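*Asks:* Chains as they are written, first to last, in numbering that gives the first Met the number 0: chain H, 0 to 280; chain P, 0 to 105; chain U, 0 to 129.
Just so you know, the hints here were simulated from the structure itself, not pulled from any lab data.
Among the hints, erroneous ones may be present.
Pairs of lysine-lysine residues, derived as BS3-like cross-links and limited to a Cα-Cα distance of at most 30 Å, are as follows [said to hold, decoys possible]:
id, chain 1, residue 1, chain 2, residue 2
1, H, Lys-229, H, Lys-242
2, H, Lys-151, H, Lys-167
3, P, Lys-97, U, Lys-60
4, P, Lys-97, H, Lys-151
5, P, Lys-84, H, Lys-92
6, H, Lys-27, H, Lys-151
7, P, Lys-32, H, Lys-92
8, P, Lys-32, U, Lys-98
9, H, Lys-260, H, Lys-215
10, H, Lys-151, P, Lys-84
Stretch-level coverage of chain P by chain H, calculated; a stretch enters the list once three of its residues show a Cβ under 8 Å from a Cβ in chain H [to be verified]:
id, stretch
11, 8-14
12, 24-34
13, 48-56
Some residues of chain U that are not near chain P, with every Cβ distance over 12 Å (derived) [claimed, not checked]:
id, residue
14, Asp-22
15, Pro-23
16, Asn-24
17, Phe-27
18, Val-36
19, Gly-50
20, Asn-52
21, Arg-74
22, Asn-82
23, Arg-89
24, Glu-112
Bear in mind that the values here come from a model prediction, so they are computed numbers and not experimental data.
Idealized CB from N, CA, C, for every residue including glycine.
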Amino acid sequence: MTAARSKTGASGFDQLFPGKAEENSRVKTGIVELDEMLRGGFMPGDAVMLAGSAGTGKTTLALQYLVNGVKLGEPGIYVTFEELPDQIYRDAKNFGWDLRKMEEEDKFRVICTSPSLMLESGSDSLLDDVLHEIQPRRLVIDSLSHLEMFVKRDDMRIEAYRVIRYLKTRGISSVLLWESPQISGGSFSVTDVGLSFLVDCIVALKPVEIESSMRKALVILKMRGSDHDKRLREFEITSAGIKIESAFSNYEGIISGSPRKVASEKLMEMFRGASEKQKKA
Amino acid sequence: MFRGEQAEMSGSEILSTLLGSEIRGDLLVLFHKNPGLIDTVDGVARRIGRTTVTVISELRELLELGVLRQKRIGNSEIVFLDRAKDRDLLQSVANHLKTVRIGGEK
Amino acid sequence: MRIRESSPTNPHGDFGSAPRSTDPNRRFAAEKAFSSVLVSTVREAVGNALGHNVLEILTAKGLLDDANNSKEFDRKLQSIFGNGAAVLERIVVKDLNRKLGIPYNSEARLDYEKSLETAREVCFVESRLK
């Protein structure tokens, strides 16, 4: 007898204790604040798009997701089309992640290939051998944007769907990087080729200029089948990886690219300024 | 097509094959630094700054040895490192070198 | 520093005319820096070509003890690898040249001793310019 599944994927029994069971079935990123934003983690088997412009920390976040997965006993694969594995090993080492050691232990693989080979894979995929070898639970593709260079615009959605379906049918929770020049407005569309609708979750990273300094913002734009934190949170790239800070509660218009202090904060500043002047007088 | 199925080679024979030419040396370094590399022969040649014509015969030697493997994906033949075979071959080389005296060895 | 074109018989161009530093302290520091780069390059070359097990075995046997003495190092490599020594030396020189910004010509016959001397001089010139 199969128990009915709730919208969040939990069975009937699990619905009696929704928090615990659901939390256990989530795919944790291992970044505590991000997992809180995701109400426990990504949904198992979901295709997650990690979108942002160059230098926003997509690769770091994706690697951290895989490394933390290995610590939780979930092998992972990092597929790169641009950087050679040697560069990835070096970058990861800067954060204290020894990817070569994880590879020796058969818990991790960095695969470097060309987008054209990825697209050529038919029934015999170039990932088949490595999937069979380490039985990954997690996989990152860096990046889906590279495929766009090798297909006609109209075919991009079909090719992306093929990749996503290949991973989903194997029960792999995937993170697909997308280089997005701008993420703005209230739209869920972060790509201009209609991929937002193919993925289950979209996490967007955005550089923001606030008071003449560049800061970084993270927001969950979409998460199928689950509640999630709707706020924009600041994050930074530390020597140990991504660290998520508090929400940008004093600012609005960050996603639109024109951040400004909220009215209440402006008033507070005016009061503070007036108070300072009075003290000096 | 080039999968190595041959009698057990000695450590010294393996070493001679691996270091048989500069191009083979370059290929070894490329795949050891990037063990997850999967590419066509053309792609591999480009990565080591050579032409396909100069690389193909050297690649065949490493395919015969088994350290590299070949597979068909769509319309392309790809090459990649056989990690397990590579480990075994290098272990044989290591075992051979343990017995070799270097001039001035302590 | 003018970098001259490489030729078929001299893969690295002619750096021999660069004036030597007369300050012994600076020369010593530069020598030490070059030695460090060379040893790490040799380690990487052997490790990347033949794996870290092989590197550890050869290190224990004293292969790297004379890495700075190109003649002695070449002799040791020949005794271990025979014709394969030349391949390893090329890997070392290629990588060393890349680190020091020296052009490398794979068509030219390799003279390991001369290649290291050229790299050493480039290192000294660079240190004088800093």
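*Asks:* Going back to the hint list, which numbers does this structure go against?
*Replies:* 4, 6, 10, 11, 13, 19, 20, 21, 22 and 23
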